[in-house]
Amino acid sequence: MGYLLYIFRTISLSWPLMVTSDIIALLVLGVLSTIAFLFWQHYLEKRLNNEHLPARRRFPPPIMRLSLWTRANGRFAVMQIIAFLTWCSFMSYNFWVQLFYQEYLRLSPVQTMLRLLPMFITGVVWYVVFFSSLTCAHQVVVNKQQCCRRARGWEGGCYVPDV
Amino acid sequence: MYLMCNSYHFVLRSSLAHGYPLSVLGTSLTACANLFFAVVKPSQTYWAYGLPSAILSVFGADFVFSAGTLFIAKVALPHEQSVAGALFQTMTQVS
Numbered sequence: 001m002g003y004l005l006y007i008f009r010t011i012s013l014s015w016p017l018m019v020t021s022d023i024i025a026l027l028v029l030g031v032l033s034t035i036a037f038l039f040w041q042h043y044l045e046k047r048l049n050n051e052h053l054p055a056r057r058r059f060p061p062p063i064m065r066l067s068l069w070t071r072a073n074g075r076f077a078v079m080q081i082i083a084f085l086t087w088c089s090f091m092s093y094n095f096w097v098q099l100f101y102q103e104y105l106r107l108s109p110v111q112t113m114l115r116l117l118p119m120f121i122t123g124v125v126w127y128v129v130f131f132s133s134l135t136c137a138h139q140v141v142v143n144k145q146q147c148c149r150r151a152r153g154w155e156g157g158c159y160v161p162d163v
Numbered sequence: 001m002y003l004m005c006n007s008y009h010f011v012l013r014s015s016l017a018h019g020y021p022l023s024v025l026g027t028s029l030t031a032c033a034n035l036f037f038a039v040v041k042p043s044q045t046y047w048a049y050g051l052p053s054a055i056l057s058v059f060g061a062d063f064v065f066s067a068g069t070l071f072i073a074k075v076a077l078p079h080e081q082s083v084a085g086a087l088f089q090t091m092t093q094v095s
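First to last, the sequence lines map onto chains G and H.
Okay, so the first sequence: first residue is 1 according to our numbering, each after it adds one.
Okay, so the second sequence: first residue is 1 according to our numbering, each after it adds one.
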């Protein structure tokens, strides 16, 4: 992955000169190492789950189990993809908006900052609104739980002493 | 700020259904922000396209990040939560 990221960065920096030998070599190496890493993790996970095979130093527990991506019927992977795509759109939005204001409309950086200020303000306002509603909702939820627990008491089998 | 938002989502998610509405809301609002700039007319005033898109664009990042972090931490097994969180951060940074 590191190789691949380096290549993407290099390509984006020097687009016309991208076809050089080291770029191609690193590209192939990056793809192959990523695939090899996935197979290696798959093998380690299978070996860990197999009780008949002894544990060896050469075969440590996997860093990233591939079955991690299938948790909750694959919703884990879906959430990762959603986050990935959201950040794709957000970052490209930021990038193109700055280009639009500064390169196309020829505004100064301060004027661009002024036009992007609503992002900052909206974020802060939402956080404040959320936090005030959070404290209310949290109090309601906690009070309700404690009341239920007190009402059930010892007979309910889940008595929780007051903190 | 990050802590506040995350705590809010934790409470909201425990009462609502797993924060899916929040993710949907956030992603669609960010998409709206991008759409605003896709159809932007440079001759129009800033208040027509620039301001709505600037306001809407932050929703997706806030909602999806906090709801997603909590969701994957809940879904993953206890000893895998660190890996799951690191993967989530990596996915957002790589994009």
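Please note that the accuracy of each hint is not assured.
[Stated by the list, open to error] If we take Cβ atoms under 10 Å as the criterion, some of the chain H residues that face chain G in the derived model are:
no.: 1; residue: Pro21
no.: 2; residue: Ser23
no.: 3; residue: Thr27
no.: 4; residue: Ala31
no.: 5; residue: Ala33
no.: 6; residue: Asn34
no.: 7; residue: Val40
no.: 8; residue: Tyr46
no.: 9; residue: Leu51
no.: 10; residue: Ser57
no.: 11; residue: Gly60
no.: 12; residue: Ala61
no.: 13; residue: Leu77
no.: 14; residue: Leu87
no.: 15; residue: Ser95
Please keep in mind that the hints were generated in silico from the structure rather than gathered at the bench.
Beta carbons: idealized from backbone N, C-alpha and C, even for Gly.
Hey, does the H/Leu51 contact hint survive, CB to chain G under 10 Å?
Interface hint status for H/Leu51: holds (6 Å vs cutoff 10 Å).
Any CB of chain G closer than 10 Å to the CB of H/Thr27?
-> holds (6 Å)
- prompt: Against chain G, with CB atoms and a cut of 10 Å, does the hint on H/Val40 hold up?
  reply: Interface hint status for H/Val40: holds (7 Å vs cutoff 10 Å).
Evaluation of the interface hint that places H/Ser57 against chain G, nearest CB under 10 Å:
Result: holds, 5 Å to nearest chain G Cβ.
ask   = Quick one, is the H/Ala33 hint okay against chain G at 10 Å, beta carbons?
value = holds (6 Å)
**Item:** Closest C-beta approach of H/Leu77 to chain G relative to 10 Å, hint status
**Value:** holds (8 Å)
Would the hint on H/Tyr46 stand, with a C-beta cut-off of 10 Å toward chain G? Because about 6 Å separates H/Tyr46 from the closest Cβ in chain G, which is inside the 10 Å limit, the hint holds.
| Per the CB criterion, is H/Ser23 less than 10 Å away from chain G? | holds (6 Å)
Does H/Pro21 hold up as a contact with chain G if the rule is Cβ-Cβ below 10 Å?
Cβ of H/Pro21 sits 13 Å from chain G, so the hint is violated.
> Does H/Ser95 meet its interface restraint, that is, does its C-beta lie within less than 10 Å of any C-beta in chain G?
Replying inline: Hint on H/Ser95: holds, closest Cβ of chain G at ~4 Å, below 10 Å.
How about H/Gly60: closest beta carbon in chain G under 10 Å, or not?
-> holds (5 Å)
For the hint on H/Ala61, just tell me whether its beta-carbon gets within less than 10 Å of chain G.
holds (5 Å)
Hint 1 from the earlier list is the only one contradicted by this structure; the remaining hints agree with it.
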